[in-house]
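The hints should help you fit chain U onto chain Z, whose structure is shown.
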Amino acid sequence: SQQGEEDPQALSIQEGENATMNCSYKTSINNLQWYRQNSGRGLVHLILIRSNEREKHSGRLRVTLDTSKKSSSLLITASRAADTASYFCATAYRGATNKLIFGTGTLLAVQP
Amino acid sequence: KAGVTQTPRYLIKTRGQQVTLSCSPISGHRSVSWYQQTPGQGLQFLFEYFSETQRNKGNFPGRFSGRQFSNSRSEMNVSTLELGDSALYLCASSANRVDTEAFFGQGTRLTVV
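Chains Z and U, in that order, give the protein sequences.
The opening position of the first sequence corresponds to residue -6 in my numbering, with each subsequent residue numbered one higher.
The opening position of the second sequence corresponds to residue 6 in my numbering, with each subsequent residue numbered one higher.
In isolation and in its complexed conformation, chain Z is listed as follows (with noise of 0.2 Å):
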């Protein structure tokens, strides 16, 4: 299968705590995208970054890339009770920009 996976699969903390979660996928990427999803409604995109970036920032979150190792991470950091969801990494692959290959997702719930 081509899809990425993320780990944890799920992840429960308490609120202010910072939360972190891991993808890998196989082969190379134009980029890699971060988003949220709540309660098997619309993805919203959090952030994208691109093959030739390491991290890149956006508020509260803070995403790695480390293309050497085909993986990546994001952190969210002071985290809230609203930021319960599942998340999920995509990549993009050269010649298919528009075809995101999806992680298998990691659920974070943040207990008030």
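Keep in mind the hints are simulated off the structure, nothing from the lab.
Keep in mind that a hint or two might mislead.
Said to hold, decoys possible - Computed cross-link-like contacts, DSSO-like style, restricted to lysine-lysine with a CA-CA straight-line distance of at most 30 Å:
no.	chain 1	residue 1	chain 2	residue 2
1	U	LYS62	Z	LYS19
2	Z	LYS49	Z	LYS19
3	Z	LYS19	Z	LYS63
4	Z	LYS63	U	LYS18
5	U	LYS18	U	LYS62
6	Z	LYS62	Z	LYS49
7	Z	LYS62	U	LYS62
8	Z	LYS49	Z	LYS63
What follows is chain U alone, placed relative to chain Z:
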């Protein structure tokens, strides 16, 4: 500007029937992609349309088809529905540039009984 709009939000169909789902992309976006999400298989790419032409295709049987109109709106059709087609179908729109984000609609929840 308005986001990606998918209609209908929910559908219940009987095995053997066919169904058509609709997606209106963000204004100015000419690429529309479709994804199927199930608990067992996760999020899987169905196909992408750009300028009324299918540009990429996933590994789904021919019962799954789509089209795109000149205004970039897209439809996908599933014929001879099977129970396993029950899923959340998501549409994404993108600008036609490398390294551009894909923006998703709220999805259509299809239940086949």
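Results for each hint:
{"no.": "1", "hint": "LYS62/U x LYS19/Z", "result": "holds (19 Å)"}
{"no.": "2", "hint": "LYS49/Z x LYS19/Z", "result": "holds (21 Å)"}
{"no.": "3", "hint": "LYS19/Z x LYS63/Z", "result": "holds (7 Å)"}
{"no.": "4", "hint": "LYS63/Z x LYS18/U", "result": "violated (41 Å)"}
{"no.": "5", "hint": "LYS18/U x LYS62/U", "result": "holds (25 Å)"}
{"no.": "6", "hint": "LYS62/Z x LYS49/Z", "result": "holds (17 Å)"}
{"no.": "7", "hint": "LYS62/Z x LYS62/U", "result": "holds (28 Å)"}
{"no.": "8", "hint": "LYS49/Z x LYS63/Z", "result": "holds (16 Å)"}
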